[in-house]
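**Student:** Using the sequences and the hints given, assemble the complete structure.
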Amino acid sequence: MNKYLAKIIANDQEGLQMISACTSGAKVKVSDIKYLSSNKVFLLSMERIRIESESDPDDKKINSVCRFDFVDKVKSKNINQSNQELVLELIGIDYLKNKDDFEINLIFKNNAHIVLTMEAIEVRLEDQSEIL
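Mapping of the sequence shown onto my numbering: position 39 corresponds to residue 39, and the numbering continues sequentially without gaps.
Hints may be right or wrong, so weigh each one.
[Unchecked claim] Listed below are the simulated PhoX-like cross-link pairs for lysine-lysine, each with C-alpha atoms no more than 25 Å apart in a straight line:
1) LYS60 x LYS75
2) LYS97 x LYS73
3) LYS60 x LYS40
[Said to hold, decoys possible] Taking CB as the label site, the calculated pair distances span:
4) THR117 x ILE9: 14 to 22 Å
5) LYS40 x GLN128: 16 to 24 Å
6) VAL65 x GLU14: 18 to 26 Å
7) LYS34 x GLU103: 18 to 26 Å
I should point out that these hints are in silico values taken from the structure, not numbers from a laboratory.
Yeah, the Cβ is synthetic: ideal placement off N, Cα and C, and Gly gets one too.
**Tutor:** Here you go:
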């Protein structure tokens with residue numbers, strides 16, 4: 001059995017588009033969204049379908065963590081944060097250059113958004129384990 005676990009690091013638009021493609025359709029529980037403001041780290045634990053491996057025709061579900069570094073500010077819209085069991089579906093990740101900052105927009109189904117204000121693009125997608 002191939003235990004290939006992906007690790008994708010993005011620090012530009014191209015890398016971010018790749019992570020966006022890999023995480024499209026991922027399920028994220030509200031309780032698995034964390035912002036560690038003192039470390040400027042934003043973490044998103046997700047269950048996603050592995051699409052990037054050509055050699056593996058089975059769409060395997062995989063637990064991954066998407067980590068954003070250098071995050072100065074986080075804003076969310078249309079997300080009920082008191083409902084920790086709520087599952088959001090990620091549609092994609094987009095970004096905007098805003099003067100000296102980058103605004104990374106995590107777009108979820110049902111018009112839910114999380115906007116991260118970052119001083120640089122530094123995003124990592126790391127697979128943790130396969131879901132059997």
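**Student:** It remains to establish, for every hint, whether it holds in the given structure.
**Tutor:** Do the hints match the structure? See the list:
1. LYS60 x LYS75: Not satisfied, since the Cα-Cα distance of roughly 32 Å exceeds 25 Å.
2. LYS97 x LYS73: Distance of about 15 Å is within 25 Å: holds.
3. LYS60 x LYS40: 31 Å, violated
4. THR117 x ILE9: 14 to 22 Å: With Cβ atoms ~20 Å apart, the hint holds.
5. LYS40 x GLN128: 16 to 24 Å: 22 Å, holds
6. VAL65 x GLU14: 18 to 26 Å: Roughly 21 Å apart at Cβ, these two residues keep to the hinted range, so it holds.
7. LYS34 x GLU103: 18 to 26 Å: 19 Å, holds
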